[in-house]
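Chains as they are written, first to last, in numbering that gives the first Met the number 0: chain A, 0 to 999; chain B, 0 to 415; chain C, 0 to 96.
In short, the hints are calculated from the structure, not lab data. Hints may contain errors.
[As the list claims (entries may be wrong)] Taking CB as the label site, the calculated pair distances span:
(1) 29(C) to 250(B): 15 to 21 Å
(2) 876(A) to 208(B): 53 to 59 Å
(3) 825(A) to 61(C): 33 to 39 Å
(4) 250(B) to 4(C): 27 to 33 Å
(5) 271(B) to 356(A): 55 to 61 Å
[Stated by the list, open to error] The calculated SDA-like cross-link candidates involving lysine to any residue, where the alpha carbons are at most 25 Å apart (straight line), are:
(6) 629(A) to 166(B)
(7) 629(A) to 162(B)
(8) 951(A) to 934(A)
(9) 123(A) to 164(B)
(10) 267(B) to 154(B)
[Stated by the list, open to error] So, partial list: chain A residues that the calculated Cβ filter (under 8 Å) puts toward chain B:
(11) 186
(12) 427
(13) 591
(14) 753
Using N, Cα and C, we set each Cβ at its ideal position, and we do this for glycine too.
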Amino acid sequence: MTGQPRRLPVGGRVDRTSPISFTFDGRTYQGLRGDTLASALLANGVYVVARSFKFGRPRGVVGSGAEEPNAIVQLGTGADALPNQRATQVELYDGLVGASSAAHGLRGLIDAARRVLPAGFYYKMLMAPPILWRFWEQVLRRGAGLGTVPQGADPDRYDKLNRHCDVMVVGAGAAGLAAALVAARSGARVVVADEQDAFGGSLLASALHIDNRPAAEWVVDAVSELRTFEDVVMLPRSTVVGLYDHNFLTVLERCADHGPSTSGAAARERLHRVRAKEVVLAAGAIERPLVFANNDLPGVMLASAVSCYVNRYGVAPGERLVLATTNDAGYRTALDWQRAGREVVAVADSRADPSGALPRAARDAGIRVLRSHGVVEAVGHAHVRAARVASLNTAGDALTSTARRINCDLIACSGGWNPAVHLSSQTGTRPVWSDEAVGFVAGQRRGLHCAGAVTGAATVAECLGQGAAAGASAARAAGFATDETEPLATDEAPLDAQQALFVIPHSRRTSRAPPQFVDLQLDVTAADIELAAREGYESVEHAKRYTALGFGTDQGKLGNVNGIAILASALGREIGEVGTTMFRPAYTPATFGAIAGRDVGDLFDPERHTPMHVWHEAQGAVWEDVGRWKRPRYYPKPGEDMDAAVARECIVARTGVAMMDASTLGKIDVQGPDAARFLDRIYAGGFLRLGVGRCRYGVMLKDDGMIFDDGVTVRLDDERYLVHTTTGNAEAVLAWLELWRQTEWPDLDVYLTSVTDHWATMAVVGPKAREVLGRVCSDIDLGADAFPFMACREGHVAGVRARVLRISFSGELSFEVNVAAGQAVAVWEALMAAGSADGITPYGTETMHVLRAEKGYIIVGQDTDGSMTPHDMGLDWAVRHGKRHGFVGERSLALADYQRADRLQLVGLRTVEPATVIPEGAQIVADVYRMRSGRVPMRGFVTSGYYSATLKRSIALAMLKGGRGRLGETVHCPLDNGNVLAAEVVDPVFYDPDGERQNA
Amino acid sequence: MERYSLFGLLKHALHHHEDWPRAWRDAEPRSSYDVVIVGGGGHGLATAYYLAKVHGISDVAVVEKGWLGGGNTGRNTTIVRSNYLRDEAAWLYDFALELWPDLSRELNFNVMFSPRGVLNLGHTLQEMRDIERRVNANRLNGIDGEVLSPAELEARVPLLNCSASARYPVLGASWQPRGGVARHDAVAWGYARAADALGVDLIQQTPVTGIRVEDGRVAGVETDRGLIAARKVACVVAGHSGVLAAMAGLRLPIESRPLQALVSEPLKPCLDTVVMSNAVHCYISQADKGDLVIGAGADGYTGYGQRGSFHIIEHSLAAVCELFPAFSRVRMNRQWGGIVDICPDACPIIGKTPVGGLYFNCGWGTGGFKSTPGSGYVFADTIAHDRPHPLAAPFALSRFERGALIDEHGAAGVAH
Amino acid sequence: MLLLQCPHCLEARSEEEFDYAGEAHIQRPATDVSDAEWADYLYFRSNPQGRHCEMWVHTAGCRRYFNVVRDTVSYDVLAVYPIGERERESLVGKPPP
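Model the full assembly from the supplied sequences, consistent with the hints where possible.
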């Protein structure tokens, strides 16, 4: 084991046959398969892994799992980089490249400045002038932050799976495995997830026996049995990060991080979205550190972490150990340490009479136990060199002797255990303080069964028993019968009562002692919390927010309870009374990409394509996003810009023949004896007397009287109508119609079906439209009298059954040909061929906009914004009052504000300078105001502005206060660039006001 | 009140910070006050402060059921801007924005206002029309704003995906340089401390259980510590306005919904402005500590739980990964929900009620934090003079009956 | 993430299949009411902290609307029932169990 000076010669669940190499902060080291990055660094004697956030103090590994606050590292480089990884959870692989995230700290704010910079110092300085804070903020920002954002787009992909189960078991330690076994045997569908790479939890690092077998063997058997059940899903390396309402859980599985980057070859992580009938929470507990002076020195570790490194990884992070404990369980670490052949210098037990089995065993093993003692201070610069210990009074809140120095290079501390109640409180159930467990335990909630250390259980036997019971109660609640299970015996020593002690007092008071750290990641000290209390930040939430306690990436897993205890003590209250802050998802940080899953890039939002999409693409169409649809905006010829293409398309449509793909318009098939009555109530206009084969424009209001949608409705049959909606509103309109049909007028016998995707629509537009359509349609008389404007005919176009509507959004002679989507391309191509001699051209949305604006037709959503009535838009002709049942929105039209004469009204604008187009969104002012400071009253705004090639001038539609009364007036549009455009207010119909062309 | 300063910090350092005074007193409720303000969030505390400071009315109690700033003040994404579309809203929010730069000095408490600018992205032609319309209107209202092209955006926000091949390519953005972020808790604490110094009683952990009305006039509030009589009662309880209104026999046009937000793990500086996108639905900035602060959507349903449904977070993070592909490997540290009171027109209700001496200030939806100083100012003025402040007048409850809604759905940042 | 039992499909499904459709049992008044009464119907909602009768629609399923009684604090669903059935008044207004 050359090069791994702290590696023990034997032991651990590591593969000693072939060392692997890795790089950390530019140096190459050796480690073993089975190591974490943290255990490998410790094996190599690398103790300082970070500098602290605020004061730049050296920091080392403290824990062995999700609780680690210090060892935050950046893995990899470039786009592959992984910021903010916890070294204690990074599985080592050959070639791993890591770097400390924390060679930072506010460079100027060295430890010496600490005294001037207590909690919340930034609230008390640099208030003015504002620029001072802006400057300081830049300094602060440069020093803050941990990891670095990867360079470039994420090369990896992430999967999601939905799972459903009867019992979800969170955690596969003793309690979780016991629960899973009972639930699985009952026949329930079970999912078991554990954050570690192997099941077993703390049993993996345990020297205990269960059922007369080594604990690890029991684990192997339990896991093997679970694997025999078809309906049991076992998820290692899977952290349950969130528990949401109605037992919805998010489980993040790490699939690839334990090896070199696969660069997207396989999913890096998978998010399991689990819906469970019942949840067994067996998440265990996290050891609570003790707070004492300089307790942030590298070489101060959790006792359980020391045991874990010794037993699981075969690493002894030091030579001479001092154990500081308040409980029996901590003694295990002293015994483990001694068993590893290292020296236990002393155990400082805060209790007056540690006489339980484990303390006895320690004494029997020759370990020096100091009763009523605590470690009051760690001594050293970059690493522990000694512990200062002193005797304590019974309550543990005062020293009864002066401190003496004991040389050592490792201080393990155990202040008891914090149940991992995080998930239980994520749906709003507050944890409750338990004096017995000396910790917050989960509050009761239906559907949640807690077992093991999460309830405060301290022994493995208890955990096994509780697990079996919770598994049984969960299975029964999910409807399964369970068998009695025999309790499992362990050779575990019973544990005596622990002492509720969180801070070892110092000979100097907290405010003057060396810093006693509570939250290591954010440099929050006991003095900070006392200061918060002193200043009136008494609520636990205030204290937390004022000091930043628990805001780190460990979410206060180590520090929160100690912080609450210090606050309670400062306020003279009980801990339970002070309470805890709420835990929020995620239990441990969850990758954005995994939460997004595959819904990124091309799959971010599905694109909707019309049947002719490929044809448009081949023609070089430029696209416009409309809702989810891709619509051709225009079809540029070589050398053409948009203006040129649109001008050409417009002229062709007005003088020859042009064709547009209108398939995206929403289409709703309305059928039933009451279809007419239904539409008559929904639309502002009348629909009772619309004849079969006829079309009518309708405007649909919300019940507040504002225009919601518009479109043409065709009566296909006595009891059948086809409603057209705008492209973007199709889904909303259907839901709206269904709402009224189902909840307000359930007596109406009418049915609605979306047929948007079933039909393709091509508008054949222009003076030659009849001629061109006639070439491929022989069974419909297209003559002006036989097939008048606003009529519908059925027949065949290019041999395909077609429904042809003579409606027009362009003001030209126009036939909208509807055919089954699957046959649309052939029909489209046949029409293009039929029109080729006449120079038929496809046109896109931009040309459509110009053509309709020339006619003064509005586009809902462009010319309206949800605050316009039909009257505002000059659509009174599409409103029929006095209908027997009225119409949706009618009553609102009588509200006072809707009668104002100065409401915005639709008008047309003609620029004084005909070549200049007013930009859409330009505001209208009354006079020749220049852009200047101060307020300029606005009279309206431009909704649509185009250059009309047909009219050889610019035109615009606008909403203008009292607009219809201002025809002939001149208004002004001040622009960004300082120019002011003058325009005359005109009627919004610029072209063919009598409709001769569309009626032709 | 002991003034905070760098010098003060040094002085207290000599005494090991052992004699810092309380930021505010822990007041015992007296039996009566001129004005009782129900709700000790940012708006309520600001109202109390301006009542005392501007109107000399310091016989005021702020009654808070939990802890000061414990509602939406402490649960938002801290964005401050005023680029609203309609005149009435733009004036109100800009009045508030004007108060922000000097707020730290005014309160002698650093609220860390950081005017780093706010971008509202446009992804469709219609969004760009709306942006043009809004920016033009803002400029004519004296509010800073400009429209940026994708190229300008790329230069300003290097990590933003400005590729034309994105599913919804960024076509441009509005840019309000005076917008930014501030430290949310500090706003509540700063107002609390300053109000306390002017004699306002701050009464925490005291739920109001009833509003006493006598002969059509308010007489006080009932609490679990007894009746507190008052000539005027002002309710500013975002997330619970309906509950308070019901106590006075009133109904409000409000639905309370969970609005979710999340923060990432801290990162080195990588985003120095605020980016909002309505179409792909997220807003994002980077806190001074390094966390990405991300606003997600509101849940569809009425809810008072300070949590929401996971699919909202999934959509928002998909949007973040779409807009900032490099953030895909960043991790979410914490998510939570605030309860927003949403009005039909996405604008607040400020002013008098049919009950004499009873005032409501509510319905701010997603606009609450940014408006805190302005809201407090105009509400205090409304209470002091028993008539709406001119900026508040259009936001009267009676606008719904008249049909005079101020539709701000487009500018609210979230499609409700 | 709510789990709702559609009373038409008779299966419990995740919230994502549904859309919330506002408070239930709001009576649309006749058109001869006052502006104030009309505004109350249009905009004013009970918005209780506790049990709430509301409508949902099974958008990604049967597309049918139905009523739900849900606690707006605990998010517990206390009843689902078809449109047209009377309000489960017995469930509303009582303190949670």
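Here is what the structure says about each hint:
| no. | hint | verdict |
| --- | --- | --- |
| 1 | 29(C) to 250(B): 15 to 21 Å | holds, 20 Å |
| 2 | 876(A) to 208(B): 53 to 59 Å | holds, 57 Å |
| 3 | 825(A) to 61(C): 33 to 39 Å | holds, 36 Å |
| 4 | 250(B) to 4(C): 27 to 33 Å | holds, 30 Å |
| 5 | 271(B) to 356(A): 55 to 61 Å | holds, 59 Å |
| 6 | 629(A) to 166(B) | holds, 10 Å |
| 7 | 629(A) to 162(B) | holds, 17 Å |
| 8 | 951(A) to 934(A) | violated, 35 Å |
| 9 | 123(A) to 164(B) | violated, 48 Å |
| 10 | 267(B) to 154(B) | holds, 19 Å |
| 11 | 186 | violated, 29 Å |
| 12 | 427 | holds, 5 Å |
| 13 | 591 | holds, 5 Å |
| 14 | 753 | violated, 21 Å |
Comparing the model with each earlier hint shows violations of hints 8, 9, 11 and 14; every other hint is respected.
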